[in-house]
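Colleague: Chains as they are written, first to last, in numbering that gives the first Met the number 0: chain A, 0 to 355; chain B, 0 to 355.
A couple of the hints might just be wrong.
[As the list claims (entries may be wrong)] Some chain B residues near chain A, calculated using beta-carbon distances under 8 Å:
{"#": "1", "residue": "7"}
{"#": "2", "residue": "20"}
{"#": "3", "residue": "30"}
{"#": "4", "residue": "40"}
{"#": "5", "residue": "230"}
{"#": "6", "residue": "234"}
{"#": "7", "residue": "242"}
{"#": "8", "residue": "244"}
{"#": "9", "residue": "247"}
{"#": "10", "residue": "261"}
{"#": "11", "residue": "263"}
{"#": "12", "residue": "300"}
{"#": "13", "residue": "302"}
[What the hints assert, rightly or not] Some chain B residues well away from chain A (every beta-carbon gap over 10 Å; in silico):
{"#": "14", "residue": "13"}
{"#": "15", "residue": "45"}
{"#": "16", "residue": "71"}
{"#": "17", "residue": "94"}
{"#": "18", "residue": "188"}
{"#": "19", "residue": "229"}
{"#": "20", "residue": "250"}
{"#": "21", "residue": "266"}
{"#": "22", "residue": "277"}
{"#": "23", "residue": "313"}
{"#": "24", "residue": "318"}
{"#": "25", "residue": "325"}
{"#": "26", "residue": "341"}
[Unchecked claim] Taking CB as the label site, the calculated pair distances span:
{"#": "27", "chain 1": "B", "residue 1": "258", "chain 2": "A", "residue 2": "226", "range": "47 to 53 Å"}
{"#": "28", "chain 1": "B", "residue 1": "348", "chain 2": "A", "residue 2": "6", "range": "53 to 59 Å"}
{"#": "29", "chain 1": "B", "residue 1": "118", "chain 2": "A", "residue 2": "9", "range": "18 to 24 Å"}
{"#": "30", "chain 1": "A", "residue 1": "100", "chain 2": "B", "residue 2": "12", "range": "48 to 54 Å"}
{"#": "31", "chain 1": "B", "residue 1": "285", "chain 2": "A", "residue 2": "75", "range": "47 to 53 Å"}
{"#": "32", "chain 1": "B", "residue 1": "142", "chain 2": "A", "residue 2": "99", "range": "29 to 35 Å"}
{"#": "33", "chain 1": "A", "residue 1": "280", "chain 2": "B", "residue 2": "62", "range": "50 to 56 Å"}
{"#": "34", "chain 1": "A", "residue 1": "62", "chain 2": "B", "residue 2": "258", "range": "16 to 22 Å"}
{"#": "35", "chain 1": "A", "residue 1": "70", "chain 2": "B", "residue 2": "121", "range": "38 to 44 Å"}
{"#": "36", "chain 1": "A", "residue 1": "9", "chain 2": "B", "residue 2": "0", "range": "31 to 37 Å"}
It should be emphasised that the hints constitute simulated quantities derived from the structure, not laboratory data. For every residue, glycine included, the Cβ atom is placed at its ideal position computed from N, Cα and C.
There are 2 protein chains.
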Amino acid sequence: MSRYWSPLLKSLSPYVSGEQPRLPGLIKLNTNELPWGPSEQVLKALRGAADDDLRLYPDPDSSALRRAFAAAVGVLPGQVFVGNGSDEILAHSFQALMQPAAPILFPDITYSFYPVYCGLYGLQQQAIPLREDFSIALEDYRRRNGGIIFPNPNAPTGLLTPLQHIKTLLQNNRDTVVIVDEAYIDFGGESAASLIADYPNLLVIQTLSKSRALAGLRVGAAFGDEELIAGLERVKNSFNSYPLDRLAEAGAVAALEDHDWFVASCARLVNIRDGLLQSLQAMGFEVLPSAANFLFVRHLQHDARTLSEALRERAILVRYFDKPRINQFLRISVGDEDECAQLLQALPEILGSDAL
Amino acid sequence: MSRYWSPLLKSLSPYVSGEQPRLPGLIKLNTNELPWGPSEQVLKALRGAADDDLRLYPDPDSSALRRAFAAAVGVLPGQVFVGNGSDEILAHSFQALMQPAAPILFPDITYSFYPVYCGLYGLQQQAIPLREDFSIALEDYRRRNGGIIFPNPNAPTGLLTPLQHIKTLLQNNRDTVVIVDEAYIDFGGESAASLIADYPNLLVIQTLSKSRALAGLRVGAAFGDEELIAGLERVKNSFNSYPLDRLAEAGAVAALEDHDWFVASCARLVNIRDGLLQSLQAMGFEVLPSAANFLFVRHLQHDARTLSEALRERAILVRYFDKPRINQFLRISVGDEDECAQLLQALPEILGSDAL
């Protein structure tokens with residue numbers, strides 16, 4: 000604390016992201032990055048954009064990138080907003096589109112940045128408990144609110160909410176904005192972007208960080224009615240005229256255009272995930288059904304924190320959350336074939352020794 | 000306007016940046032970009048960083064870049080904050096370090112994003128008139144305030160405030176934060192970063208957009224007491240964990256390390272600027288003394304808007320501000336030798352025909 004901090008700053012509880020150690024040989028299954036690099040087309044585009052034009056500001060409207068997202072997702076360019084990662088877009092959305100007069104609703108177990116944004120922008124909040132099976136009970140969101148947000152699939156559970164349930168929610172919630180945070184949608188879900196023409200209060204947010212293997216490039220997008228997009232543009236233009244640098248734009252366009260890479264990469268990841276799920280179940284883990292690139296698991300005989308520490312000693316990082324309801328779970332990002340094999344080799348050793 | 004916009008959003012007046020047309024042959028002297036590309040070392044670093052590691056999140060603390068800024072500026076890494084362009088850092092600074100209890104003070108003629116940030120974060124504001132000669136009257140800032148901000152050199156005037164005057168202001172203003180926005184400092188001023196050890200309420204903000212020819216890469220930095228930096232980290236971690244992508248970090252480190260390119264490039268720009276100033280004066284322009292990479296000029300016999308439109312017809316863009324006190328001025332970014340020659344060739348034609 001400093002006497003120069005604003006009253007708001009003093010009240011904040013910042014988000015804590017997963018650790019990013021850079022040790023050689025580390026098997027990093029803790030931050031849901033894709034286990035292999037992006038499309039070669041992306042790398043080519045990035046190298047090509049490393050030229051003297053970097054002296055010039057980027058296009059403040061990111062027109063080319065918005066067109067590329069529109070084509071990839073099947074919406075109009077005017078229904079697309081882009082930002083410096085989906086976190087920046089989430090922040091702008093809370094400030095621009097959430098109403099302070101009533102609480103913002105989100106699941107009790109979900110992306111832990113949502114309550115941080117409420118604090119940052121002076122919004123009330125109300126966490127709605129997941130069902131016992133950890134699915135999102137959308138019927139519980141039919142109450143007075145200043146906005147609703149949830150990820151689909153949810154994180155860190157990996158559970159998918161069917162599109163039909165989202166449609167029902169939208170039919171019953173017309174007066175405030177509903178944000179569906181689709182960071183992981185490409186690994187097994189159907190995007191709600193198909194609904195934006197019918198529901199002017201629906202905002203869908205996606206990212207290139209996961210399914211496009213570009214966490215290091217920081218590019219996200221939102222899809223919604225043109226008036227919602229205009230609102231996001233307005234807050235962006237009151238914050239930072241040029242949030243996307245020229246390289247990020249060039250790489251992101253190339254990523255969206257390489258459809259073949261995208262389809263093959265997602266299929267490979269899903270295949271590894273489903274194999275990993277079965278292997279973990281065979282070792283006595285309960286594994287929630289995942290539509291994401293991670294598995295949320297618990298072992299009935301073994302303490303989750305102890306397990307995560309034992310894995311860490313073997314240079315395997317997974318994510319442990321010391322939070323109510325989920326403190327016996329581990330979130331394991333799906334690695335490549337080799338990383339998953341090493342995990343599956345380490346676990347029996349740990350489970351065996353622990354059981355002695 | 001949309002019924003889904005937040006009350007704050009409805010009240011915003013966003014910043015309007017200089018236009019970014021992409022016409023071939025255009026002489027673009029309207030947004031203060033450097034007229035030549037960045038160091039070849041930067042381009043090499045960027046191409047080298049376009050690899051599979053882009054699948055991984057960047058270092059959330061940007062440690063390497065903070066060390067590079069610290070070394071370049073002569074401060075400690077813990078006294079450095081980095082962001083996605085200096086605009087993002089300005090935004091965070093207004094939210095984190097400005098106090099809502101009293102008005103934020105800034106010059107009446109200055110970077111027009113400052114009042115936008117006041118609107119974005121619910122801060123009072125008071126514009127303090129420049130002197131008749133357009134210099135900043137720092138003695139007028141000795142009044143109750145929630146924070147003080149001004150650019151040095153000021154924009155769009157280009158005038159430098161001597162470091163000794165800033166020191167006097169700091170001695171008389173100990174209770175709120177003073178931000179010196181040094182976007183253009185490398186073209187003729189001395190940075191106030193040397194004062195941060197003595198004044199815990201001083202924040203100095205710089206950018207790679209101008210003197211490092213990297214407007215397209217979006218990298219800025221702030222220097223200040225570790226408690227101010229900790230405050231900025233806190234608001235950043237409540238907004239976006241990873242504002243700098245991996246390429247921006249790699250390119251920025253390379254830019255800061257290529258001291259020879261930097262010194263030579265600044266010297267070349269200053270040399271062109273000083274020649275342009277003399278030529279414009281010889282044509283009857285009044286030119287404010289500039290410590291930046293632009294000139295702020297007026298012609299006593301010619302209307303500024305008319306001049307800017309005539310230049311535009313000749314594919315030369317300069318910036319015209321339709322604002323009180325400065326609506327007879329043009330802000331002309333210093334181009335390269337060839338661009339300035341073309342400007343100096345076009346102007347007599349315009350001034351001559353206009354005088355008929």
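Colleague: Now, for every hint given, state plainly whether the structure supports it.
Modeller: To see whether the hints hold, each was checked on the structure:
Proximity of residue 7/B to chain A holds as hinted, the smallest CB-CB distance being about 7 Å (cut-off 8 Å). Annotation: interface hint on residue 20/B violated; nearest CB of chain A at approximately 10 Å, more than 8 Å. Hint status for residue 30/B relative to chain A: holds, with the closest Cβ pair at about 6 Å, below 8 Å. Because the closest C-beta pair between residue 40/B and chain A is about 11 Å apart, greater than 8 Å, the hint is violated.
Taken as an interface hint, residue 230/B checks out: its beta carbon lies about 5 Å from the nearest beta carbon of chain A, inside 8 Å. A least Cβ separation of about 6 Å between residue 234/B and chain A falls short of the 8 Å threshold, and the interface hint therefore holds. Given hint, residue 242/B at the interface with chain A, holds; its Cβ is 6 Å from that chain's nearest Cβ, closer than 8 Å. At about 4 Å, the closest approach between the beta carbon of residue 244/B and any beta carbon in chain A falls short of 8 Å, and the interface hint on this residue holds.
The closest approach between the C-beta of residue 247/B and any C-beta of chain A is roughly 6 Å, which is under the 8 Å cut-off, so the hint is satisfied. Contact between residue 261/B and chain A, as hinted, is not supported at the beta carbon level, the nearest pair being about 14 Å apart and thus beyond 8 Å. With its C-beta approaching chain A no nearer than about 15 Å, residue 263/B sits outside the 8 Å limit, and its interface hint is violated. Contact between residue 300/B and chain A, as hinted, is not supported at the beta carbon level, the nearest pair being about 33 Å apart and thus beyond 8 Å.
Given hint, residue 302/B at the interface with chain A, is violated; its Cβ is 28 Å from that chain's nearest Cβ, farther than 8 Å. Consistency note on residue 13/B: stated as away from chain A, yet its beta-carbon is not over 10 Å from all of that chain's, at 4 Å minimum. Residue-level check failed: residue 45/B sits 4 Å from the nearest beta carbon of chain A, not beyond 10 Å. Look at residue 71/B: its CB is around 19 Å from the nearest CB on chain A, clear of 10 Å, so calling it non-interface holds up.
With a minimum CB-CB distance of about 7 Å to chain A, residue 94/B fails to clear the 10 Å threshold, and the non-interface call is violated. The beta carbon of residue 188/B sits about 21 Å from the closest Cβ of chain A, which is more than 10 Å, so the claim that it is off the interface holds. Non-interface call for residue 229/B relative to chain A: violated, since the shortest CB-CB distance, roughly 7 Å, does not exceed 10 Å. Look at residue 250/B: its CB is around 8 Å from the nearest CB on chain A, not clear of 10 Å, so calling it non-interface is violated.
Distance check for residue 266/B against chain A: the nearest CB is about 17 Å away, which clears 10 Å, and the non-interface claim stands. Residue-level check passed: residue 277/B sits 25 Å from the nearest beta carbon of chain A, beyond 10 Å. Under the 10 Å C-beta cut-off, the non-interface status given to residue 313/B relative to chain A holds; the minimum distance is some 20 Å. Listed as outside the interface, residue 318/B is consistent with that label: its C-beta sits roughly 13 Å from the nearest C-beta of chain A, beyond the 10 Å cut-off.
Distance to chain A confirms residue 325/B as a non-interface residue, since its nearest Cβ pair spans about 21 Å, more than 10 Å. For residue 341/B, the condition that its CB be more than 10 Å from all CB atoms of chain A holds, with the nearest at approximately 18 Å. Checked against the hint of 47 to 53 Å, the pair residue 258/B and residue 226/A passes, with Cβ atoms roughly 49 Å apart. Between residue 348/B and residue 6/A the beta carbon distance is about 58 Å. The supplied range of 53 to 59 Å therefore holds.
About 22 Å separates the C-beta atoms of residue 118/B and residue 9/A, a value consistent with the hinted range of 18 to 24 Å. Distance hint check: the CB atoms of residue 100/A and residue 12/B are about 23 Å apart, inconsistent with the given range 48 to 54 Å. Range check, residue 285/B to residue 75/A: about 49 Å between beta-carbon atoms, so the 47 to 53 Å window is met. For residue 142/B paired with residue 99/A, a C-beta distance near 32 Å keeps the hint of 29 to 35 Å intact.
About 40 Å separates the C-beta atoms of residue 280/A and residue 62/B, a value inconsistent with the hinted range of 50 to 56 Å. At roughly 37 Å, the beta-carbon separation of residue 62/A and residue 258/B lies outside the given 16 to 22 Å, and the hint is violated. Taken as a hint, the range 38 to 44 Å holds for the pair residue 70/A and residue 121/B, whose Cβ atoms sit roughly 39 Å apart. Checking the proposed 31 to 37 Å range against residue 9/A and residue 0/B shows it holds: the Cβ atoms sit about 34 Å from each other.
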